[in-house]
Amino acid sequence: MISGTLLLAQLLNGLQYGVLLFLLAAGLTLVFGIMSFVNLAHGALYMLGAYAGAIGYEKTGSFVAALAIAMAATFLVGLVLERLAISRLYRRDHLDHVLATFGLVMFFNELARILWGPQPYFVSVPDALSGTVELFGFNYPSYRFLIIGVGLAVAVGSYLLIHKTRLGMLIRAGSVNPAMVGALGVNIGLLNAVLFGLGAMLAGLAGAMAGPILSVQSGMGEPVLITALVVIVVGGIGSVAGAFYAALIIGVADTLGRTFLPMLLRQLADRSVADAAGPALASMLVYLLMAGVLAWRPQGLFPAHKG
Amino acid sequence: MTSLLHRPSHWVPLVLMAALAALPFVAQAIGQPFYIALVARMLAYAVAASALNLALGYGGMVGFGHALFMGIGSYAVALPAFHGADNGLLHIAITLLACGLTAFVTGLVSLRTTGIGFIMITLAFAQMGYYLFVSLKQYGGDDGMTLAAPSRLGPFTLGSATAVYAAGFVVLALQTWWMHRLRSAPFGMVLRAARQNPRRVAAVGFPVLPYRLAAYVISAMLCGLSGVLLANLNAFASPATLSWSTSGDLIVIVVLGGIGTVFGPVLGAIAFLGMEEILKAYTEHWMVVFGPVIVILALVGRTGLMGALAKLDRAPSQTPATAKTAATPAVQGGH
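Protein chains in written order, with the numbering used here: chain G, -3 to 303; chain P, 8 to 342.
To be clear, the hints were calculated from the coordinates, so they are not data collected in a lab.
Since the structure is predicted, the reported quantities are computational estimates derived from the model, not experimental observations.
Please note that a few of the clues may not be correct.
Unchecked claim - Cβ-to-Cβ under 10 angstroms is the rule here; a few derived chain P residues that face chain G:
#1 Gly67
#2 Val116
#3 Ser117
#4 Met135
#5 Tyr138
#6 Leu143
#7 Thr183
#8 Trp184
#9 Trp293
#10 Leu319
We put the beta carbon where it would ideally sit given N, CA and C, even for glycine.
Let the hints inform the model, and build the full structure from the sequences given.
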């Protein structure tokens, strides 16, 4: 019934979705872990990255250039946002964060609708990557392999950045005691701004890479943002490693759930009922998983080790 | 009487309620029934925001999923009506029961967490509700469903904007009065104290969790009533009501009006929907203006419209003592 190749293909799809989620979740979880800031506007940065990538690809014809443009644009937007509004809110409570970033989401979604219209934008997969790769007797799109590769590279890169560099040391120190890091002569404001910019840049990268497999449109960031929030809560807030594992778990669970739950239900119930309930149950699966994790381990599965 | 006149935070709510009571008659007289539907919508949102304020303002629980209860209320009208049951009391009973039970179960799980965990898990439960109603294809699924019949309360049906207005006004007036009482009743005092310092409240001997859970459940049930009103007003129930932006809108309304104040959510609902209506008249892209307004609201600190009124209370002609009592709305944060 469930063939091995289908399962493998869906596992790879889940992995690809998982690494995209990780790119978003990494920025979210760092900003939350260190500045204690809830950023609902992270999905808007993902959307901006997707638009910047799409337009960059159209203008330059080079996909690598498009990714670079998307990353540079979202890094800059992230820096400006941090300086203008977000840095003023670190000391406030979460309600203010929710409020301000909710306003930003409204603003950016509407701005995208003004600048680029309400209709979705389609981006083609770059020619060099439009083929497929044969793997154990079935073909899998090479573009999706690229996403998985880039995602894993970012994961390794962020591990090295956090654990092996001076900047990473400051980031870790800042998450434990920002006041002390400041007292030791580190410009903590600049550190926070750079960190926020880096998170925004990863969100932009995720958006630009998702462009060719999804449609680029206003409001595209919110569904994936909410899933990324689920990821950081499941993984343990503030933990990049936790975000990585949780992103893969959520990505695979969601993808497999969407494929196999309707099939499973069809065995148990009437086809029309199963076709209606299957996707809904699959959509709810991720949230059920999160509710279960929070009820069982409110600190998440892989909490950050503080101190 | 002069002391009342010097305290806008006291007389503005009274005057506004009187104006709301008079509005349908005036609108009919000047032949502008459009305003009745608009203000009826404001009343429904005021009911929801005032309900959220019980959890968010008094209890300090940042529920980011109250759209769930609004949606349950809407479908508690639409689903029975679809099957031929148009009894309004039945709709209300289902709403209260379904919202109460849902809030009890989800609240028990959610209240194990605080801070961002609570925000996210309430959001997650609301998203689950959203997908549940989207999946009900026999009831319109994604597209929502038209109301087969409005709620009927004896000889009175909620089939017109004026009827919904009347019902909304009664619910809002009773609820506001109840919140006024509840805020300074022992229950409200424990709840508000627990927002500021749960440990001390526990040390004094009040178990924090049952108080919070009770507030969350009551808040959800009242919020459900706004869904009943909205479904009747729009003659439509849609999963869009359960979307996360509705929950965000409700939080904005509460903060805009004045978080933790009795009348703030009502002012907030009128200001929010009023501003939306005015901006829409100028541009379809009203959110591009409204978004930054919300950001500024968050940046300048949140005493809201009630806070602004309370500032006017401290007029120079006043004695310090009255100024002190007028400036009660406690808006300090606290996680």
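Tested hints:
{"no.": "1", "hint": "Gly67", "in the structure": "holds (9 angstroms)"}
{"no.": "2", "hint": "Val116", "in the structure": "holds (5 angstroms)"}
{"no.": "3", "hint": "Ser117", "in the structure": "holds (8 angstroms)"}
{"no.": "4", "hint": "Met135", "in the structure": "holds (5 angstroms)"}
{"no.": "5", "hint": "Tyr138", "in the structure": "holds (4 angstroms)"}
{"no.": "6", "hint": "Leu143", "in the structure": "holds (7 angstroms)"}
{"no.": "7", "hint": "Thr183", "in the structure": "violated (22 angstroms)"}
{"no.": "8", "hint": "Trp184", "in the structure": "violated (26 angstroms)"}
{"no.": "9", "hint": "Trp293", "in the structure": "holds (8 angstroms)"}
{"no.": "10", "hint": "Leu319", "in the structure": "violated (24 angstroms)"}
The earlier numbered hints that this structure contradicts are 7, 8, 10.
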